[in-house]
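Asks: For reference, the chains in residue letters:
There are 2 protein chains.
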Amino acid sequence: MKITRPNPPQYHKKSIMDSLERKLILLRNALAENGIDFFIIPSSDPHLGEYIPEHWQIVRWLTGFTGSAATVVVTDSFAGLWTDSRYFLQAEKQLKGTGFEFVKPRAFQRNDYMDFLCENARQGDKISIDGRTFSIAQFRTLERRLKDKEVSIETKCEIVDALWTDRPDLPFSVAFDHPLVFSGKARSVKISEVKEKMKIENAHYHLLTSNDDIMWLLNIRGSDLKYTPVLMSYALIGEEQTLLFINEAKIPPTLASEFDNIGVILLPYEEVIEVIPSVTEGSNVLLNPITTSVSIYNSISKKSKIIEKLSIPASLKAIKNKTEIENICNVMIKDGVALTKFFFWFDCNIGKMPMTEKLLSEKLLELRSLQKDFLGPSFPTIAAFNENSALPHYTTENGSGSTIGERGLLLVDSGGQYMGGTTDITRTIPVGIPGAMQKKDFTLVLKGHINLAMAKFPKETRGYQLDFIARRAMWGSGINYAHGTGHGVGYCLNVHEGPQSISPADNKTVIEAGMLTSNEPAIYRDGEYGIRIENLILCYEDEETEFGQFLKFDTVSLCYIEKSLIDRSLLDQKEVDWLNSYHAEVYDKLSPYLTSEEIIWLKEKTEAL
Amino acid sequence: MKITRPNPPQYHKKSIMDSLERKLILLRNALAENGIDFFIIPSSDPHLGEYIPEHWQIVRWLTGFTGSAATVVVTDSFAGLWTDSRYFLQAEKQLKGTGFEFVKPRAFQRNDYMDFLCENARQGDKISIDGRTFSIAQFRTLERRLKDKEVSIETKCEIVDALWTDRPDLPFSVAFDHPLVFSGKARSVKISEVKEKMKIENAHYHLLTSNDDIMWLLNIRGSDLKYTPVLMSYALIGEEQTLLFINEAKIPPTLASEFDNIGVILLPYEEVIEVIPSVTEGSNVLLNPITTSVSIYNSISKKSKIIEKLSIPASLKAIKNKTEIENICNVMIKDGVALTKFFFWFDCNIGKMPMTEKLLSEKLLELRSLQKDFLGPSFPTIAAFNENSALPHYTTENGSGSTIGERGLLLVDSGGQYMGGTTDITRTIPVGIPGAMQKKDFTLVLKGHINLAMAKFPKETRGYQLDFIARRAMWGSGINYAHGTGHGVGYCLNVHEGPQSISPADNKTVIEAGMLTSNEPAIYRDGEYGIRIENLILCYEDEETEFGQFLKFDTVSLCYIEKSLIDRSLLDQKEVDWLNSYHAEVYDKLSPYLTSEEIIWLKEKTEAL
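Residue numbers (the numbering used here), protein chains in the order written: chain A, 881 to 1489; chain B, 881 to 1489.
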C-alpha cells in the first residue's frame, strides 16, 4: 500500500488519547533526532516466544492495542499497526483516535508491513529496529525484501527505553523444581543427551534462547509469564559446562547447589550479550535463527561458525517420554473432571441466573484450580456465544463479554498448566434447541475430528499429509476453516509448541510416536456461530508390516461431546463406533471423581448413540 | 560410503566388455592428463528433460547401463554408477564385469554420489563436470555439499567429445505445425501472454531451455526424441523479438515465414551460447535454474540480473485451455478404444497362443497406431506379469520379457502421444482365478483411486494435501506404496509434466482448474505381484460458497476396471456408485467404435456392480 498522509486524529477517551498522542510525539522527536525514517516495533521480547511480559509490551504501551501479535511502523507522517485476522475488529476499535492507523493485510499476505516498507522507503532512508526484539530470521527476510532499495537498516535502536518512564520491571518469580516424577528424566541425563546430539552436529556450543527449552533441560519451572510456566533466561551448553543466564535471585539455594553439582553455572541475565562472544570465539555454535534475536546473533564473533537449526531441546521435548505420557493421561482426567463439573453447573444454572462469557471463564478457572498440581490457565479462555464463537480467537480479556442468550451455540476453548502436562480442549454446546444447519455443521466437524483421531499412517508421514482427513467431509459440502487442524502441545510448557503441526502449511516435520498434537477442526459462520471440537491426540506405534512401521493416535483429552448437536444420519458406523467407545472411556475415567448427580448427568451425556 | 579400492574386473560378454574396459582406460588417461580427480557424468542432455537423444547417452555408451536415470563418477581407482530403485536389478546385471560398480543408495537418500564425493574428496582435489549436462540448480547443490572441502570444481570438462569417436549425431526431425484446432491458441497470442507476464516479473528477456516450453509457445512439434514430440531448441523471448535457436533445416519454409511474421527469428542451435550473453547484457533475464545448464547460465553476463523461477510457458501450459480439454476428451476415447480392443484380444487369446510381455507391448502399440492423429508411445510400455509387476517401472525394452503364465496378475501401464493430447493409463487384470489377498489389495487400491477421483477441495489446495486420500484405505491395512499418487501430464508433450503433483513431497504448487494429473495408487508385493490403477483426472471448478471456490476432478481416461478383482464387501455405497457411473460412461463413449463382439464383451465388463 501507498501511504501519502496521516489520518486526522480523532479523540475519544480524552486522557488516554492525550497520553498516547504525547508518546507518539515524543517518539517522533526521538526518530527525528536520530535521523530515523522508519521505526519498526514488533510485539516480541528477546526470547521470541508467544507470550511476553509487560516490560516488553511496547506495542501496547505505545498504541493501546492489547492483541498478542502486531507490528507497528512509525515515520514522521505515518503510524500504522499490522495484526492478523483474529484481531481485526479489536485493532479497528482500539486504535481509533490514537494517531495509529490499523492497516488490514491483503489476502494471503502476512508480512505486509514489509510491503509497506518496500513501497515507501526511498534511497538513503534509515530503517531502525531494536535488535533485541527481532529474530535474526525475521531480520533476514526484512533485509532480503529491501535489498534493492539502497536503504540502511540499523539494528540497535533502543530509543523506547528512554521514553517509557513508568515501564514495568522485568518479571520476577522464583524457580521451582520439576521433579523426576513429572519430568521422567534427570536434568543431568538431558544435558548429556543434548551433548551427544551436539557432537553429531559438530557443535562446540549450543545456545538456547527459548525459555521453554531451558525449563525442559533443567527440569525447572517458574511464573515469569502469564500462561507459560517459565523463567526468562538464556543458556549456553558447552562441552563441559552449561552457563545459565538468569536473575540469580530466582534460583533458590537447593536448586543452585544441584545445578552446581552437574556443571550448570549461574550468571547474571544481562551478561549474556558479553559472555557469549568471549566464550564461543572460534567455536561452532548451534542456535535456532527463529528464536535468536539479532542482538544476540550479532554478538557472536565472526570467527565462530554458526550452525542454524531447530534447537536440540525443542526436538527432544517434542517426543514425550513414558513418565510424561503417564502424567499427561492423569492430567487429562483432572482436566476432564473440571470441564465436566463446569458443563454440569452450566446445564443446571442456565436460564436461572444471568450469565456472561466472562463469568463462564471465571467459573471454569475456579473448577480447574481445585485440581491438584494445577498451575494456571495455558492461554486466555475463549467462552464465546453465537456470533462471538465465529471468531476463532475471541477472548473476553478486556470486558465482561456478551451475555449468554436463550438460544444458540456456546463454544468453550480452554486449557490448564499442570505439573504433569498442558491441556487444551474445545467443546461446543447448544443453548436451547439447535437448528438443522447447526447440527449438520457440528456433525461435519465431528466427522473430521473422528477421522483424524482414527487415522493410521506410516512412519515418515508429515502433518500436512494428514490435514485433509479432518476437512474432507466439510469440503464435500463446500465448507472450510482458515486455520490449521492441529498444533503441537508442550508438557507443562507452551500450549502451542512445535515443531510438528497438522495443517496445510508445508511443515516438513514428520509426526512421530510420542508427539502430542491438537485435533481441532471447526466451522465458522460469520456473524452467526462457530463450532470447534478439540481434543489432544498422542501419536503411538501401531503394527509393523512388510511396508514398514505404522503409527496411530490415541485421543487423550476426556470430555463428552454433545450428542444433541449430532445428525446421526451423516455418520457412518465406524464413526459412531469411535464416538461410543470414546464416550465409554470418558465415563469410566471421570465418574470416580464426580458427585452422584454429576454421574447421572454424565451417564446420559455419554450413552451410546 | 568409503571406497578404498576398485572391484576386480569380471568378464562376461567378452567383446562388449573389452570395449567398455577400453573406454574406461581411455577416459582415465584423459582424466590423468587433465589433472582431474573426480569426473561426474549425469544422464542428462543440455535441455535437462526426462528423455534424451542417443547423442547425449554418455552413461549408456560408457557403462552399458540402459536405464534412463543414473549418475557415474570416475576416479583413477574407482568407477561407480548410482541410479534409483526402479533400476537396481538392471544396474546390477548390466554393470557386471564392466569395471563399473553399481552403488546402491542408502534409504531415503537419492543424491548420494554427492555423499561419495563428500567422503572421498580431499583438499586440493579437482572435480570436473561437463557444464552442458548439469543444471545450475544441481551444480549449486554440489557446490554447497562440497563447500567445506576446499576442492575445485571445473565445469567445462568436455573430454568425452574426443573419446566417443562413433558418437551418433544430434537427432534430426522436421517440425510440423500444431494447428489452432489442437492448440486452441495462436502462437502470437501465446507470445503476447508470456510478454505480459514478463512485465509483471520485470524481465526484459525470458530464456527457454526446455524443448517442451518452446514447442508449446510456437505451436510446433517434432520427433527428435523417442517419447516426447519435440525438437531440440532454445528460445530467448525479448520485449520485441523472439530468438529461436534450432537447426534451421528442421523448420519448413511455410513455418519459417509464419515465424518471421510474428517476430520469431531463427538462429543456429549452436550459437545460443554466444548470442545470449551479447543480447542480454545489462538486462533482467528470467530463467528456470532447474532446466538451465551450467554452461548456458554461466554464459550470461555478470552485468545482467537473473530472475529465477518456473518458466512462464511451464506455468501457462499446465492449465489446459478449452480446445485442449475438448481434444483431450476425444483422445481419451481413441486411447480407450485401443485399450479395450487390446484387453479383448488378450482375453480371447490367452492360453491359446504363447504370449510374452514384449508381445503384449507390441500388440498394444499396433492397436494405438490405428487411431487417427497418433504420434507414438508417450513412454516405454510396462506389460508386467506377476513378480515383474511388483517393480513399479519395469520395462521389457531389452529383451522379450517374461512369458505370461497360467495364473497371476498382469499390469499394463502405457500411453500415447496424439495431436490432441498425451495419455497415460494403467490397468491390472487377472490371469486365471485371482486369490483373496490379490482381491483385497486390488480393492484397497481401487478405493484409493476412487476417493481421489471424488475429492472436492477449496481453491489454493496443494497436491500434498490430497495425497492421503488415495492411501487412506491401504494405510488402514498397513500397506503403502513408495511413489507419488499423481504427476502432471502435458498436452502432446511430456507424459510427466509439472509443476503440479499429488504426492507426499512438499511441492507448493496449488491444484488449479484446467490441470491434468494422473491418479495412480498402487500396491507392490515384492517377488509376488503389483497392482496399479491409473486414470488421468482433470481439475475443474465446482461450486462457490461463502467459504470460497471449490474444485473437483473429472476422470477423463476411459477403460473398464476389472470387476473380478474387486472384493465388493470392502467398498462403500458411494464408491460402488462412482464405479458404476464410470463404467456406464466407458461403455457409452467407447462402444460406438467397437465391433459387435467387443461390445458384448465390454457390456459385461462394465455392468453395474
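Honestly, the hints are just simulated from the structure, not real lab data.
A hint or two may mislead.
Copies of the same chain look alike in the list, so a pair counts if it fits in one copy or across any two.
[To be verified] Straight-line C-alpha distance at most 27 angstroms; calculated DSS-like pairs for lysine-lysine:
1. 1130 with 984
2. 1130 with 1232
3. 1189 with 1029
4. 1189 with 1075
5. 1036 with 1320
6. 1432 with 1336
7. 1027 with 1075
8. 1336 with 1388
Asks: Against each hint, give a clear statement of whether it holds in the structure.
Replies: For each hint, the structure was consulted:
1. When the C-alpha separation of residue 1130 and residue 984 is checked against a cutoff of 27 angstroms, the pair qualifies neither within a copy, at 41 angstroms, nor between copies, at 56 angstroms.
2. With identical chains, the CA atoms of residue 1130 and residue 1232 are never at most 27 angstroms apart, being 47 angstroms at best within one copy and 89 angstroms at best between copies.
3. For the identical chains of this complex, residue 1189 and residue 1029 are inter-copy neighbours only, at 21 angstroms across copies versus 29 angstroms inside a copy, given an alpha-carbon limit of 27 angstroms.
4. Only within a single protomer do residue 1189 and residue 1075 lie at most 27 angstroms apart by alpha-carbon distance; the minimum there is 15 angstroms, versus 41 angstroms between protomers.
5. In this homomeric assembly, residue 1036 and residue 1320 never come within 27 angstroms of each other (Cα to Cα): the closest approach is 55 angstroms inside a single copy and 66 angstroms across copies.
6. Taking CA atoms no more than 27 angstroms apart as the test, residue 1432 paired with residue 1336 passes in both settings, with 5 angstroms inside one copy and 25 angstroms between copies.
7. In this assembly of identical chains, the alpha carbons of residue 1027 and residue 1075 lie at most 27 angstroms apart only when taken from different copies (26 angstroms versus 38 angstroms within one copy).
8. Taking the shortest alpha-carbon separations for residue 1336 and residue 1388, both the intra-copy value of 19 angstroms and the inter-copy value of 24 angstroms come in at or below 27 angstroms.
Violated hints for the displayed structure, listed by number in ascending order: 1, 2 and 5.
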